[in-house]
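Protein chains in written order, with the UniProt record's numbering: chain P, 1 to 343; chain Z, 1 to 343; chain G, 1 to 343; chain H, 1 to 343.
Treat the hints with caution; some may be incorrect.
Same chains, same label: a pair holds when it works inside one copy or across any pair of copies.
What the hints assert, rightly or not - Pairs of lysine-lysine, DSSO-like flavour, derived with a Cα cap of 27 Å:
(1) 265 <-> 2
(2) 333 <-> 30
(3) 253 <-> 30
(4) 30 <-> 222
(5) 207 <-> 262
(6) 89 <-> 202
(7) 89 <-> 262
(8) 333 <-> 223
(9) 253 <-> 25
(10) 262 <-> 91
(11) 202 <-> 123
(12) 25 <-> 333
(13) 253 <-> 89
(14) 253 <-> 333
(15) 25 <-> 222
(16) 39 <-> 207
(17) 91 <-> 162
(18) 262 <-> 123
(19) 39 <-> 202
(20) 91 <-> 223
(21) 222 <-> 123
(22) 333 <-> 2
(23) 123 <-> 89
It is worth saying that the hints were derived from the structure and are not from the lab. Being a predicted model, the structure only gives us computed values, none of them experimental.
Given next are the chains, with one letter for each unit.
Number of protein chains: 4
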Amino acid sequence: MKAAIVGATGYGGIELIRILHNHPKIEGIKVFSSSQEGKTMAESYPHVTDIVELTLGEIQPERLNEHDVVFLSTPPGVSAEWTEHLSSKTKIIDLSGDLRLNHPETYTAWYQRESAPEALLQKAVYGLTEWHKEEIKSAQILSNPGCYPTAALLGAIPVAQKNAIETSELIIDAKTGTTGAGRSPSAMTHFSEMNDNFKVYKVNEHKHTPEIEQELENWTNKKAPVTFTPHLVPMTRGIMATMYAPLQSGWNKNDIEELYYKAYKDHPFVRIREDHTFPFTKEVYGTNYCDIGFTVDERTGRLTIVSVIDNLMKGASGQAIQNMNVMFGYPEKTGLDFIPIYP
Amino acid sequence: MKAAIVGATGYGGIELIRILHNHPKIEGIKVFSSSQEGKTMAESYPHVTDIVELTLGEIQPERLNEHDVVFLSTPPGVSAEWTEHLSSKTKIIDLSGDLRLNHPETYTAWYQRESAPEALLQKAVYGLTEWHKEEIKSAQILSNPGCYPTAALLGAIPVAQKNAIETSELIIDAKTGTTGAGRSPSAMTHFSEMNDNFKVYKVNEHKHTPEIEQELENWTNKKAPVTFTPHLVPMTRGIMATMYAPLQSGWNKNDIEELYYKAYKDHPFVRIREDHTFPFTKEVYGTNYCDIGFTVDERTGRLTIVSVIDNLMKGASGQAIQNMNVMFGYPEKTGLDFIPIYP
Amino acid sequence: MKAAIVGATGYGGIELIRILHNHPKIEGIKVFSSSQEGKTMAESYPHVTDIVELTLGEIQPERLNEHDVVFLSTPPGVSAEWTEHLSSKTKIIDLSGDLRLNHPETYTAWYQRESAPEALLQKAVYGLTEWHKEEIKSAQILSNPGCYPTAALLGAIPVAQKNAIETSELIIDAKTGTTGAGRSPSAMTHFSEMNDNFKVYKVNEHKHTPEIEQELENWTNKKAPVTFTPHLVPMTRGIMATMYAPLQSGWNKNDIEELYYKAYKDHPFVRIREDHTFPFTKEVYGTNYCDIGFTVDERTGRLTIVSVIDNLMKGASGQAIQNMNVMFGYPEKTGLDFIPIYP
Amino acid sequence: MKAAIVGATGYGGIELIRILHNHPKIEGIKVFSSSQEGKTMAESYPHVTDIVELTLGEIQPERLNEHDVVFLSTPPGVSAEWTEHLSSKTKIIDLSGDLRLNHPETYTAWYQRESAPEALLQKAVYGLTEWHKEEIKSAQILSNPGCYPTAALLGAIPVAQKNAIETSELIIDAKTGTTGAGRSPSAMTHFSEMNDNFKVYKVNEHKHTPEIEQELENWTNKKAPVTFTPHLVPMTRGIMATMYAPLQSGWNKNDIEELYYKAYKDHPFVRIREDHTFPFTKEVYGTNYCDIGFTVDERTGRLTIVSVIDNLMKGASGQAIQNMNVMFGYPEKTGLDFIPIYP
């Protein structure tokens, strides 16, 4: 099987290469870039010297169409355009946010740019693997979820779907490592200003908010805004979403535990911690796992959910390959069966 | 003026020394320790070599009573005992949690040890300076607030007091640097397991919870449990409390802004950021400032408040000295007028 | 093939498990501990929950002898004792320092404890894979090198062996991440005192000094003391050894480059950077690579060599498994063919 | 006394402001910038909100000449030009590298740009305070030393000057926090690529090399190249220079100790550690101290010197103000008498 990676010099791209390099079903990888054509991967990333012997090629439809699967790890706006040029025989996995929202006007409102055509949005399957596995199996165009939505949704859907909580009351306080901000240097992620510092940003304004809301609506049939606050942690990888909502009447701690175990019993990448035991971000470092802990506070009647992922893995490239496995009929864990690097 | 520091080898103690050393009203400092008597401060902390020429003495009531003020920076249980031995002519500032709660049974429930005598609890003045200044002026025994409560309360009281939010709906998602856990090495704060990691702990069980609730009740006359979740950030100093509550009807963004400006206009250590501008922890590093940002989300009707402090300064030793200044009639900023170290 | 890991709860042990878990020749792993018998690995390391279903057993010779290979990842003194109890049909890979030095008196002088019997020291093969491959093939007892010696020796042997430098003039300035100090919490590696800090320790006194000297003597036939200074970097993994020595007359930059390429052309885990290009520690993160850069300063006539490894991989568990591969006749990269995790 | 800061938005500039703000001899500060005129300091640095009420002005000779002292914290080439426009009644302290080297050709060779006029180079006094105090007293133009040279020279001059070591044999392995690289974001100092990483750069090519050599020549009357290797540590502030040289015959450990104590007995900012006790970078954090440790290795006959400073303080702005104090006849510690922030 042949795979192409467009936008291979970003963190999503190099992480795809790290995994696909050892994926037993992949025979050939080609890498493409709009800005660094002609350079080798090792020039951009010295850590792959002598391991990855790939040169970045110019992006052209005919070249991409030679592949069984094309990963688009590109900035906003690019994948919407390229997806239309590609053959329907090639499966496309889009890691950008371009195709995640169903409604063009929502996209425009939050991304502040023109949306992909509505038909394309409708065609793209949302790749939160654990919750859309059947549609993913037959998807030609897959829209890979955002990092924050993956952490938040895997923790929230099981209880929202069963009405153990009201979506409108959900508060998501999320914390990410800096790789979520990409490879371009910025004042925000300059080491001298990020080290020994903790930051909050885009309060109530982050693009991942409507993605979370859309997917919660999908599983609850209720449209409701959520509160979502992202923070930046002085660490490289990892997301923790700490979520809060009043537990609806009639539910107790044991019911919640059962909900989680049932929801994920057939899903190898979601690990449920025992009641009142919580995961740390490093416990999924470098892997596709999502670890979830929760507790019910008898004093306030609130449910607290803690969900952690590696933002570059389950939050991006790992889930993309998990989706590829499903799309091509391979076991879900193929090529992704790592133990977290710890410490 | 003469000051004694009991428990001078902890982080709270060494931070007191850092500030008192240059405090214009302090003529002499003595340091005491129950475990390191006879050692010099420089043996315990080489960074004060040639600057602080103090030897740790044995703790004895008569020696402490020679001072105008005694700071107790001691583990749970110690200050409750010592406070009773000291002369009423000596002012006591207790940085431990022993005297913060008014009701012995609450203390016992959360600290899981016997409380100080109720009379002592009643006598101790709670030292959240900006909100108890008048009582602090005449206090003989001052109970210095916890680090988390300081960050949370300075952000929440102005809106809770005026019923712009309901305390029972308040969610406090707090993040601290590791110095909050003290100087004793532990698995939790072992560098190899804390670096590049983000942790959550004591969910719904942290001792600072009843302290926050008690003080909110004090300003609202309503008893209500709050949700409080502490997290550990891979950084040395700093606390950010991100707080959420539905805005009560009749209130808008401008009202809230006015509430904050009014509440703190005469308080030099609280800085209010413009609407929708948020502080980062490093922006108060090494100082006694508390910076507060906030915003109202029109979509959800919720108020989000972000409050940051340096946990060893406004969250401990800085506020202790601010209180000392008030207790002895000095201007509040005496000895505390630093610019944050940045970056 | 069956593997036993003794001392499985240390960082060396958990790293062995991470690799062996996916090693294609390993069918069964058993784990042993002297202090945590009866506990599961997941209790000690939550990140292996649902992945590694192993319970720590009591250390007993008969149980260890059921395995083809036994890894000893134990504190000083333990492996010297256990090695003697084990059957000669079981191959032993000792990750402790007990069997690295040939002379008991040198061990005693530097480790300040009694040495293993001299016969055992003589029998143990020193496992710097690239330089002892032939002996390793037939070794029954393998002594795995220290982390610092691995980084230093892989960089220094090629030029010392050919007399391009004099060993007696070699200065090794080495920097390590904190995992080199193990899992036991200490003041030195307490997060609050290690973060945003850079430390030097055991100047001229580190136990790895005689190991480096012994191996250099082995390849040069000259006994000479070296200068070795270890430092602690606020990072989790990684070692950089920056080495200095005057280039002997008759040698130039191109000669040196040729020496390195020749020395390692058949060794897949050593990567030589182009002249005057230097590796960073993170470029080998999580892998068994050793990356080496060098340059000659025309002004001073000195050669500077920079060698980096992941201290838990090529500096410990990775090299141990590389050695296992050689001992059992498998290709050297079996189970170790990872791309570094970056960033 | 009135002070002007040109280039106030860099890290050197904001650190000058932090200290001068509380300096008892400074009555007024004005700030200037070539790129951010009209902005307030608080817009550039929110941490000075409500504390520093200064607006960045346009750089003009007549405006600068109104000040008693002008600090030039500017990029290469700027101060060389401005210095010539300023009145001789205004004292100038240049924090850039423009005026540090005495010979234009050396400057051009290492900085790869045209030098300031030779007359200006001759006029500027090199501000390594402890070693040039007399000349500094009467200096009109002061060239403030580089960060690395300050750490290296304070450690090396005492022994080089007395011929206890040969300068030509000196090896300086230096490590810095990232603020040494300034405020402009770059790939090198992007948090995601610097965190949990240790880097070496500009091996044998750093601009501070000739500065170190020139000053050593000044005190030894011997011209000799030194080996200097800078490294980047994942921390914000701090430099450690670990230095190596063979001890010349006739010298022993006690002699060296005496040399250091004598050299610095009247210099309050240099602290000598007891033999074989070494400082860590954080032990001088936020202060103007330089802490020095050393040891002699009997086995190799080499002297190892470890010198640490805060690169933004003794390595830049702190030393600049120390020099200002000397130039204006104030006690050296005026405004600089801080205890390090620890931890």
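So, going through the hints one by one against the coordinates:
Proximity of residue 265 to residue 2 under the C-alpha cut-off of 27 Å is found in neither arrangement, the shortest distances being 32 Å within a copy and 30 Å between copies. Taking the shortest alpha-carbon separations for residue 333 and residue 30, both the intra-copy value of 23 Å and the inter-copy value of 24 Å come in at or below 27 Å. In this assembly of identical chains, the alpha carbons of residue 253 and residue 30 never lie at most 27 Å apart, being 49 Å within a copy and 36 Å across copies at closest. With identical chains, the CA atoms of residue 30 and residue 222 are never at most 27 Å apart, being 43 Å at best within one copy and 51 Å at best between copies.
Proximity of residue 207 to residue 262 under the C-alpha cut-off of 27 Å is found in neither arrangement, the shortest distances being 31 Å within a copy and 34 Å between copies. Neither within a single protomer nor between protomers do residue 89 and residue 202 lie at most 27 Å apart by alpha-carbon distance, with minima of 39 Å and 50 Å respectively. When the C-alpha separation of residue 89 and residue 262 is checked against a cutoff of 27 Å, the pair qualifies neither within a copy, at 36 Å, nor between copies, at 47 Å. With identical chains, the CA atoms of residue 333 and residue 223 are never at most 27 Å apart, being 33 Å at best within one copy and 51 Å at best between copies.
Taking the shortest alpha-carbon separations for residue 253 and residue 25, neither the intra-copy value of 42 Å nor the inter-copy value of 44 Å comes in at or below 27 Å. Taking the shortest Cα distances, residue 262 and residue 91 never come within 27 Å of each other, neither inside one copy (31 Å) nor across copies (45 Å). For the identical chains of this complex, residue 202 and residue 123 are neighbours neither inside a copy (30 Å) nor across copies (45 Å), given an alpha-carbon limit of 27 Å. Taking the shortest alpha-carbon separations for residue 25 and residue 333, both the intra-copy value of 12 Å and the inter-copy value of 20 Å come in at or below 27 Å.
In this homomeric assembly, residue 253 and residue 89 never come within 27 Å of each other (Cα to Cα): the closest approach is 48 Å inside a single copy and 53 Å across copies. Proximity of residue 253 and residue 333 under a CA criterion of 27 Å is satisfied in neither setting, with 31 Å inside one chain copy and 48 Å between copies. When the C-alpha separation of residue 25 and residue 222 is checked against a cutoff of 27 Å, the pair qualifies neither within a copy, at 41 Å, nor between copies, at 52 Å. In this homomeric assembly, residue 39 and residue 207 never come within 27 Å of each other (Cα to Cα): the closest approach is 32 Å inside a single copy and 30 Å across copies.
For a Cα distance limit of 27 Å, the shortest separation of residue 91 from residue 162 qualifies neither inside one copy, at 34 Å, nor across copies, at 55 Å. With identical chains, the CA atoms of residue 262 and residue 123 are never at most 27 Å apart, being 30 Å at best within one copy and 54 Å at best between copies. In this assembly of identical chains, residue 39 and residue 202 lie within 27 Å of each other by CA distance solely across copies; the values are 23 Å between and 35 Å within a copy. Proximity of residue 91 to residue 223 under the C-alpha cut-off of 27 Å is found in neither arrangement, the shortest distances being 31 Å within a copy and 58 Å between copies.
Taking CA atoms no more than 27 Å apart as the test, residue 222 paired with residue 123 passes inside one copy only; the shortest distance there is 23 Å, against 53 Å between copies. When the C-alpha separation of residue 333 and residue 2 is checked against a cutoff of 27 Å, the pair qualifies both within a copy, at 19 Å, and between copies, at 24 Å. For the identical chains of this complex, residue 123 and residue 89 are intra-copy neighbours only, at 15 Å inside a copy versus 62 Å across copies, given an alpha-carbon limit of 27 Å.
The earlier numbered hints that this structure contradicts are 1, 3, 4, 5, 6, 7, 8, 9, 10, 11, 13, 14, 15, 16, 17, 18, 20.
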